[in-house]
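Q: This is what each chain is made of:
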Amino acid sequence: MSNNIVIFGGDSHPELVNRICENLDIKPSQVELGKFANGETSISVRSSVREKDVYVIQSGCGHVNDTFMQLLILISACKSASASRVTAVMPYLCYSRQPDIPYTAKGAPLVSKPRNSLSSTSKTNDENTTTNQSKILHNGVLQSTNTVNRPGSEFPFKSLDNAIRSSIQMEQPVPVREPKLAKTSSMSRIPVIPDGRISRGANNDAEELFNAQNSGYKLWVVQAGTLIANLLTTAGADHVITMDLHDRQFPGFFTVPVDNLYCKPMAQNYIQHFIPGYKDAVIVSPDAGGAKRATAIADALELSVAIIHKEKRSQLPKGPPDATLTSGVSLSSKPLISHNSVDDTINSNSNQVPVLSANGVATEFANSNAKSSKYIQTTMLVGDVRNKVCILIDDLIDTSYTITRAAQLLKDQGATKIYALATHGIFSGDALDRIKLSPIDKIIVSNTIPQERTIKKLGKHRVGIIDVSLVFAEAIRRIHNGESISMLFEYGF
Amino acid sequence: MANNSIKLLAPDVHRGLAELVSKRLGVPLTDCKLQRDPTGEVSFSIGESVRDQDIFIITQIGSGEVNDRVLELLIMINASKTASARRITAIIPNFPYARQDRKDKSRAPITAKLMADMLTTAGCDHIITMDLHASQIQGFFDVPVDNLYAEPSVVRYIKENVNYEEAIIISPDAGGAKRAAGLADRLDLNFALIHKERARANEVSRMVLVGDVTDKICIIVDDMADTCGTLAKAAEILLQNRAKSVIAIVTHGILSGNAIKNINNSKLDKVVCTNTVPFEEKMKECPKLDVIDISSVLSESVRRLHNGESISFLFKHSPL
Chain A
1 MSNNIVIFGG DSHPELVNRI CENLDIKPSQ VELGKFANGE TSISVRSSVR EKDVYVIQSG
61 CGHVNDTFMQ LLILISACKS ASASRVTAVM PYLCYSRQPD IPYTAKGAPL VSKPRNSLSS
121 TSKTNDENTT TNQSKILHNG VLQSTNTVNR PGSEFPFKSL DNAIRSSIQM EQPVPVREPK
181 LAKTSSMSRI PVIPDGRISR GANNDAEELF NAQNSGYKLW VVQAGTLIAN LLTTAGADHV
241 ITMDLHDRQF PGFFTVPVDN LYCKPMAQNY IQHFIPGYKD AVIVSPDAGG AKRATAIADA
301 LELSVAIIHK EKRSQLPKGP PDATLTSGVS LSSKPLISHN SVDDTINSNS NQVPVLSANG
361 VATEFANSNA KSSKYIQTTM LVGDVRNKVC ILIDDLIDTS YTITRAAQLL KDQGATKIYA
421 LATHGIFSGD ALDRIKLSPI DKIIVSNTIP QERTIKKLGK HRVGIIDVSL VFAEAIRRIH
481 NGESISMLFE YGF
Chain B
1 MANNSIKLLA PDVHRGLAEL VSKRLGVPLT DCKLQRDPTG EVSFSIGESV RDQDIFIITQ
61 IGSGEVNDRV LELLIMINAS KTASARRITA IIPNFPYARQ DRKDKSRAPI TAKLMADMLT
121 TAGCDHIITM DLHASQIQGF FDVPVDNLYA EPSVVRYIKE NVNYEEAIII SPDAGGAKRA
181 AGLADRLDLN FALIHKERAR ANEVSRMVLV GDVTDKICII VDDMADTCGT LAKAAEILLQ
241 NRAKSVIAIV THGILSGNAI KNINNSKLDK VVCTNTVPFE EKMKECPKLD VIDISSVLSE
301 SVRRLHNGES ISFLFKHSPL
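Going down the list, the sequences are from chains A and B.
The C-terminal residue of the first sequence carries number 493 in the UniProt record's numbering, and the numbering is unbroken.
The C-terminal residue of the second sequence carries number 320 in the UniProt record's numbering, and the numbering is unbroken.
Think of the hints as simulated: they come from the structure by calculation, not from any bench.
Just so you know, not all the hints are guaranteed correct.
[Stated by the list, open to error] Listed next, with one range per pair, are the computed distances between beta-carbon atoms: (1) SER310/B - LYS292/A: 55 to 61 Å; (2) LYS35/A - GLN138/B: 23 to 29 Å; (3) LYS27/A - ALA134/B: 34 to 40 Å.
[What the hints assert, rightly or not] Which bits of chain B does chain A cover? Going by a derived footprint, with three or more residues having C-beta under 8 Å, they are: (4) 78–85; (5) 105–112; (6) 252–266.
Here a beta-carbon is modelled for each residue, glycine too, at the ideal position from N, C-alpha and C.
Kindly produce the complete structure, drawing on both the sequences and the hints.
A: Structure, rendered in structure tokens:
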């Protein structure tokens, strides 16, 4: 390798840096990373970068604001020290996914808190990608959630919707309002049947106060994507390498080239080599937004697909038109479809919705809790998983609410074995505890983010790690030599 | 014509200064909400419309989670920008990374410049800050920067709290001589200088006193007190030179690391800081700390900026 290349690693993921450097057969250059007494990041670059091709590797994990600032300062230092080109290598790009609703302290999106004492003690309370639903979990804990967050997680249009919104500088505020209604950015698409009375009661949720005071204004949450892109280019990044961006539109926020590498070839490889009997497996997407990702892998491996779909429709109690609902056997205790539909009319109508059980507790809950909205929340599985090995595919796992809930649904539907495969395993908060309790047999993530904690918590046999250092090293080599990297998209390495 | 009014925004931590400014201006703080996920990623929302409004974001950045505060500020600015605010002014009394303002060794980052670029990238139209470590940092920005001075407030504090006829102003290093001399002129006092040879950042080595402090109340003036090692050492040297007593007045009391311990163990009678940096909790641990409220200067500058009036009056005078 030419001696014109310099690689710096941030302190977020030293192991990956070493692996990438090993694959490139060069040593990471010396850089001293630290902090001043007052908490400001201090950096001194120990080797010359003049007219060099500099790569700075920093994953968006750990304490992200610190690691991100460290990356920016390091890029800026290299740039001002006359580096000819600085490339930011961010295996996981932080802030690349912004929910439409603020987080709670626990990290789950903010929801209106159910007044039910049971559910408020429940840890598995809110969920990352669904909307307003009350349902019985496998452990019998009643819970209510309403939120939506990850772009693309709910409606097929949503990721597009989000991208447009971000690219037009958010002139359209993301509507998030009456906490009792479902809060979703796609709400404008849903016919709302207004119901004047919204019970505010003792619910002191900040957001509710927030909205009560500003009835003419819809709460919205800023999407930081463009800002992050601009900050990187402002610091002096000439090129960005990342992997499996949550939004495919994200590279459009940058004014510099972004190479979005794919984990898919490695994921396929893993499935073929390490999942016994994969030929009869079903690829499952835990939400509609990820359907494309799942079907791409399924197509490549010639496997069948199932999709878990969370849908919110207005009250009209007709069955989900084109959904194939497999089995309703276990419904008595574990409803396949639950709903938070909410006024008496709906409750009385609810039995008209096929396979939808107005379960005793759930109904009670719905009655007591939300009298304002006329939505029906359904979670349905499209496809057959009975007696099959299921492979859940997602791009990232953060709070793990989606994936564990999906796994439970699959188990209820008779899946024999459940694998969960994701590129980025963030596992924030008590995500790992939740996975530990879930019926997921094996969780497979890549090492874009350090996974020592995952292995420690779940044990070696339940965790599979996909090494992505080779593909990053190859991308760096090719970019440095000015070769095409499109081959990496197809075949991985 | 749409009405264009002041909107004050502040992050959810260290709101003390923002609340004081808001009280003085009679403008309530705009509802806004910052939420962090466990890794520290921030999501932000503003609780009311800010379209075509004059936004002022007040943030106190002290020690500790500086990077978190910076990212939060940037996201708040960007949020206001994308919400079609007419003008966004960031009030950053203690400008972070102000000491990384030059390439003092090979390949050192000029982080202050990076901060400036980041603020303008996020969409900031105006910066209000106070006692910049080096006023040249203003040149790093493409947007106007109003560098306010704590000096008028310090002058008032000295006049009200110190028997200042017996006092002498001390600069703890050569770089601060100009600041100390200016203050001494305003109070018509003498001043002395401590010359120090700094080995590394946050470390102090040998110190030499230039000037006579015999039987005087020494007022050490500096723009920033970090670990307070310098101040403690300076106090010792002054007392060795037969000073009567020593107090220190600094604009930005960052007070990181062992600062509280250093102050408590030192021979300083008092350490007075302005409230540009949040240090309320530290005051409980350290009875020697005192505070100068500069919210009046900030609120007056907000008012003047909003109305398009001159701010230079505030460079010499401290409003009540």
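Q: If you test the structure against every hint from before, which numbers come out violated?
A: Those not satisfied: there are none.
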